[in-house]
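Asks: Okay, here's what each chain looks like letter by letter:
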Amino acid sequence: MELFLIFTIVGSPLIAFLMIALLPHRLKRIAPLLSISFIFLSFLSSLLFFLKHPQIQETPFEVQWTWLQANRNLSFNVGFLMDRLNLLMLFVVSLVSFFVQVFSVAYMADEGRGQSRYFAFLSLFSFAMINLVASNNLLQTFIFWELVGLASYLLIGFWYQKPSATEASRKAFVVTRLGDLGFYLAVALLTLHLGNLNFSALNSPEAIQSLSGGMITLVTLLIFTGVMGKSAQFPLHIWLPDAMEGPTPVSALIHSATMVAAGVFLTARNYALFSASSISMETILIFGTLTAFVGATLATIQNDIKKILAYSTISQLGMMMMALGAGSFEAGMFHLTTHAFFKSLLFLASGALIHHFHTNDIWEMAQKGSRSQVLTLLVIAVGGLSLAGIFPFAGFWSKDLILEALEHKPVFHAAALLVSFFTSYYVFRLLFILYFRSETPHAHEEHHESSLLTFCMNFPLISLAVGSLIVGFMGTDLMHHKLLKFISPEAEGKLSIELMMTGTGIAVLGLAVAYWNYLKRKIQPPITATGFRRVLEKKYFMDDLFEKVFGRMVLAFSAFLNWFDKQMVNGKMVNGTAWSTLRLGALLTKVQSGELQDYLMIVFVIASAVIYFLVK
Amino acid sequence: MTLQNLIFIILSVTTLAAAVMAVSFKKVIYNAFSLMLCLGGIAGIFFLLSSEFLAVMEIIVYVGAIAIAIIFAIMFSPPHFMHQPERNWPKTVRSIAISAFFFATLYKVLTTTPWGMSTTQEADFSIQHLGKILLGIYTLPFEVISIILFIAILGALLMARKREAHE
Amino acid sequence: MSESLIAYLLLSGTLAAIGVYGFLERRNLIGILISIELILNAASINFLAFNKFVSPDKGLGQAIVLLIIGLAAAEATLALSIILVLYRGMTSINIEEANHLKG
Amino acid sequence: MHFGILTSILLCPVIGMILILFTPRKSEQAIKIISLIVSGISVFLSFIAYNRFDPSNVLLQMEEKISWLPQYGINYWNGVDGLNIGMILLTSIVIFTGVIVSWKLNYRVKEFFALLLFLVTGVFGVFMTLNLFFFFLFYEVAVLPMYLLIAIWGSTNKEYAALKLTIYLLLGSAFMFAIFLAIYSLAGAHTFDLMTIKDKVTFDPAFQKIAYIGLFLGCGVLAGCWPFHVWSPDGHVAAPTAVSMLHAGVLMKLGAYGIIRVALFLFPQAAQAWAPFTATLATFNILYGALVATQQRDLKYVIGYSSVSHMGIVLLGISTLTVTGLNGALFQMFSHGIMTALFFACVGHIYDECHTRFFDELGGLAHKIPILSTFFIIAGLTGLGLPGLSGFPSELLVLIAAIKTYPISGIATAIGVVVTTFYVVSAIMKAFYGPLNKNFEHIKDIDLWQYFGRGILVAFLIILGVWPKLFLNLVNPITTYLLLKGF
Amino acid sequence: MTSSLFLPEIFMMIIATVFFLFIFLKEETVKKYLYPCSLILGAITMIASFFSLSQKGLIFFNTYEINAFSQSFKLILAASLFLIVTISDRTPSLNAEVKPEFFLFLSTATLAMMMLTSAAELITLFIALELASTSQYILVPLRRGKLLNAESGIKYLLFGAAASALTLYGLSFIFGTAQTTFIRDIATRLPDLLHQPIFGVGFFLTSVGFLFKLAAFPFHFWAPDVYEGAATQVTAFIATTSKAAAVAVLIKLIYLLSPSSDTFTSVLVLLSLLSMSLGNLAAMIQKDMKRMLAYSSIAQAGYLLAGLLSQSPEGYAAVVFYIISYLIMNFSAFMVLARIAESDDNPQIKNFTGLADRSPLLALTLLISLLSLAGIPPLAGFTGKWFLFSAAMAKGHWLVVLIGVINSVISLYYYLMVIKEAYLGKVEGNANTLVVDIKTRLISYAAIISLVIMGVFPTPLIHWIEGMVRF
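Protein chains in written order, with the working numbering: chain A, 1370 to 1985; chain B, 10 to 176; chain C, 24 to 126; chain D, 94 to 580; chain E, 53 to 523.
Isolated chain A, as found in the complex (with noise of 0.2 Å):
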């Protein structure tokens, strides 16, 4: 019984993709339909599996079969853990994926022939995250790593009509590679030392005995290269900006909640291996504060909505990777899923007002009256006040509980608060542009939306605003930290007092910044950047780094290679030793001089020659 509801859970998304890839043009149009029953069906079967399997903190239940035989005593296999960190997973994977496609209908109504190739791709996209959170070895985690990897490229040049929508799934793509490149040797490296890449096996700790330090830093770091690569961390997140090209429910489901939250659950997974080497967790501890801090600052001078939502992502994984660094994996994990609740809430909201505006750029919507979209500024204001950690909504306790966390680390504590500052700054800056400066709404037309479209796009957006709200309070010592006892039986999940309130004057510090730029001297977006800000402007020369250093150095080698191939391994060694021959046969033709006596003359002394040595 098991084994069936496992395999619904997995397999379901793969039948969608197949079933819709495989159908004639005809039926092309039934493709959403299919692909969101199936991923509810998905969700379906994992809550059941919760359900029946209550005791699943204690006992995890795993399964597996022998997949590759490379030698008589090395096997590699495949199968599916399910324990709690896998579950929770499975609950966002599934959910969020299910509400993005229902609110995907509404947003790709008017794709046409595309919207099958859309939804193919979405499905494809989640049968590999959900595999990817349910495998039970390094290995298959790798291989659907990478096929979450080949999703997200394949979606993000979605149009691949925009040449700049083609630029960013190739950068993304080749980013993630190079990241997954460490991942890559990490697996073969555990592969030869341990023989067996069971998670289980993995973080045993006779396993973690018999590697020895060294092995272990490498292999973890390694494994963050990965990570990085995945969760936009430092610096690898350049691609994520340049991500926003696809549409945007793509952008919610992929770049908020799952992707890239993929990096810290394969962290959480390993936890025991990574702890057990200081060095790689400070390193994690170390970039997470990086990535926090360049994306929170880079997000306050964004004027595309998608892009601030995107930097947010970014300093929020930053967030993340610094509870996990520290120690907790239980905050991290906590905020992953409070996270993944009101990103891709902000991310669809900002797509229903893209929809309705045309446009990225909050300024324009401002000038079109953003005013008049009452329920979706609703939603971007729970979104954004969760974001910014504001008292009752989610974002406040995940966030005190990794202020908690780094309690005991002040340098980092204070770097943690500054994010937090920052953060609520761009978001209020978010909510008072959009609200308070719009104009009136002129009397636009009224362009009206069939009833089911509406109704597709606000069911997503009121139902993540609530979710928002209850994972929240799960987490509280209300409902008795049903959801932290959930994730680690042995934290105790309660916050002192103070720290809460540190959390919450920050908030309001950054809210009345806000407000003191953009109600009071209503100051227009600058046209020159200048000093620091210009700094800001070229997003820490980052991307030129990549682009300029390392794009045109290997470019430069490889045109170096090509050349040299053309003209000395082609050129010289192979048209040169035959024009060399060709030479050589001119240079005997020319002995044949026409000149009989000449011949006789070489016959006469070879022959004595001849005669010479038979004698001697």
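Because the hints were derived from the structure by calculation, they are not lab data.
Some hints here could point you the wrong way.
[Stated by the list, open to error] Derived pair list, reagent style DSSO-like, types lysine-lysine, alpha-carbon separation capped at 30 Å:
(1) B:LYS141 to B:LYS36
(2) A:LYS1941 to E:LYS472
(3) E:LYS478 to D:LYS203
(4) D:LYS461 to D:LYS531
(5) D:LYS291 to D:LYS497
(6) E:LYS339 to A:LYS1941
(7) B:LYS100 to B:LYS117
(8) C:LYS125 to B:LYS117
(9) D:LYS291 to D:LYS578
(10) D:LYS461 to A:LYS1531
(11) E:LYS472 to A:LYS1935
(12) D:LYS119 to E:LYS478
(13) D:LYS119 to E:LYS491
[What the hints assert, rightly or not] Residues on chain B that point at chain E, a partial pick, calculated with CB under 7 Å:
(14) ILE146
(15) LEU149
(16) PRO150
(17) SER155
(18) ALA161
(19) ILE162
Think of the CB as a built atom: it goes at the ideal place given N, C-alpha and C, for glycine as much as any other residue.
Starting from the known structure of chain A, fit chains B, C, D and E onto it as the hints suggest.
Replies: Just chains B, C, D and E, lined up with the frame of chain A:
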């Protein structure tokens, strides 16, 4: 020194001198004449080697026929008053060197090998014995030599006939 | 210098060497022909010398020399006829001008 | 005694060729059908051979032996074991799809298909035979028709490429010729039968060292080993579609197969001694091929250089001399064969439709030919080793084997994978995505028949990617046996 | 009885006399009857020598030995004469009135070569060699009235005269040391002769005459000029038949009398290496087809020497196998040449453009023969080379094998140039498709099939040859 040796020395000196003259004179006609002299000397040596018939044959065929044919050819070819190409020294030096090298190796070979002298005393040099061999062991070469001569003459005729066709 | 085998062999060796010299040096076709005759005669001296001093059956060498003389005659006639054809073609029998076929 | 299945596979193309020679020149359709039937039978027969083959039994199966010239140690001896059953299957599939793909050919059809079948006979022969004489004979039979096929039906600077290719490959085979004879007489084997040589003769180390490197470079020339790879990009680009499919798909595997079957089998100690050298060459292959591929402006050149890079992975797998490495190499040979065949099939169609392969002239084709672009993208993804497609398991196995013995090569392979991703994705972007080039309005997508031809290849890629056991079960026992027996 | 022993030679003499009589007939009867009559006579000789294959015996006071070896070579020589005669119907470079003499000299040359193969006595050998050379000296300048052929004629004659003079000199040395000219007797005296260097010198000088006919390295200089200067049919004759005779004699001499001192073998190795490399390298840049085939025949002489230098029964068998396949390959190449050359001037490589369109059969024959010359499987050339090089390798001459194989790759280059011209060349305007008469068609099919059969299934032929090579 017996009379035999004396004659041998005189004959060989004359032959060699004539041979040198045959290949060194600028005018071809002189070469032809010195060739005839040299062949005469060789006939003498044949005589010394106790095969008189061959000496006579040498005189008749070589001197009488081939040398004369050569002189005929010289008459047909460009008259000797036309300017003779002056001597090309590098070529001469080169050929002297090669022939000297050739002779040196031959000399080395000849002098080092122990020649087994024949033991049989009754040496029958007579013409009857020669005839018996020519029609005994060498019947086939004897026939074939006639075909060769026939072919050579036919070829010469052909070359001559080419003259009209050519004009 | 006693009249022994070595003497004759050396004599024919020098004759052959002179023939070779003539062959390589003469610029006139007929000159070359003459030097060929010389080499052939050197060989016949060789044969006769061996016939007298070494060969058990004295008639062998003589028969061979007889055949050689026949051969030489055939060769000479043929060579002379071709030389005359060449002379008609390029009005000179200088070997160095007969080098159109080369390369 | 079952009828000689191997000889009948070998005879299929020969009979086809003879039939074609007698069909009149004008009835082109009949010629195409004959070659299709013949290659179809060869596919059918190789499938029979495949499922009759029992992997656990490591010894030779379906042996056929006819003594040809016994006193010269030459006898016609075919046999199948784990190494070549996969290759025979690969060849039959590639020729079958190759014939389908060149269905629209109209210039001198008779000679084209006759030469194509002659080429395949050579390839089949090499994969089946266990006698060095016939190995060499079929090896050259496989190379020579290449010249005419490329020189007459080829495209960019075809004559130069054809000549370079033929002379290069034959020069490589010249070394093999000398070494085979040396094995026969110098080492006193007095037979060309591979197995009897192995049992009868123990070669002295000095001879082994020279012989191994001679064979490795001789076969390596065909396998596109680094300094001798120069002919393969030009050859692929100039060759017509079916020929470059066969060539990159199968002929390059001939070289690698030769190294394993003859060089590694007979001279294991020398293989060990030379392993570091060959591994560095292979690493050079991988990185060099990938990096140069990024610079190419012609779609076919990109694939040509990618073949060089992927063959580097095969050579690296061989030089690790571990069971995993060898399994990875054999798997990569099979999967790369199918992948390149698919690549060239797609590019062939693009060239027929748009008459150009340069990136700056192409663009936005996905809009007009969606099915073909999907096939191309699938081939590209296999190239960059995406899990779920057959490229991944082989690269994984080779990486694991390489990391243990040559860590630098292992890292280089991983970096190579990233560079491959870059040039594959850029190629897809430049050729298929972006705005549609205006003068390609008229191009039409592949019809059902062509779809079927390429579909088989895609099916193989996916099946092997998802379920690699199918191929590895074949290969595992023989490689373990080979390496155990050798060292 | 003895006459049946001497059957092939008798028939050759009959042919010679018939052709001689033709000289005196009128112009148009000659034009009408000469060619068919020569075909019939050629065929009869071939059949006669086929029937006399099993003869054995010694005639002419055992100076003339008839055994399997000599009889099979007579069959080969008769066959190649017949083939040469078949392609001499239209000879643009020989004017009509010279035709009877042309056939006469051909037959006398073949007669002489037949005698060469079974001569058991050195002087008979030499005289037969002279007869063969003399008839060839006349054939070369026969070409229609251009100066070049006279020049090539005189070069061939003088070079030949020098070579035969040296041979004669060598013979005198052998006569001097062995006191006898019968090869069998010398063979019996061989053990004590070997330590005398003079015998080695004599033997080498004797082989000079035959290396000259084989066109091996130092004695090859005449080949390019003569091949280019002579008429196509004459060149074909010199390239095929005289080479076969030279090989036969060399095999017999080396088999029986070879001073197996390693200096002699290293001399042969040197000659083989040099002629192979020089032949192939020089041929690469040739434009004139006949001159290219001349250089390629020098290279083939190098391969034959590679077989000879092994001085082992397998080596000799390989040489005989290779010379047979060489005859067929070279003959079919010259046949295509003869058909291509309409006018008298030599066919250049560019005359072959678009041959595949003009006449596919001739193009195919050219392709098969040139590829077989280059040693590409599955043709006879490859199998021949395989046997040659395996014999050489058996005696440890790995350098000869390596250089030989690299040379055959180089040779492939210039053969491919011709094939490229034939198959890829676009002939502008409506190409006058060559009308190929039945006879050529038949011979082409025969040549192609025999080359492929000898390549793929050489067993019966090799067995027959091995039996034959035993003296």
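Asks: So which of those numbered hints doesn't the model satisfy?
Replies: Hints 1, 8, 17 and 19 not satisfied by this model.
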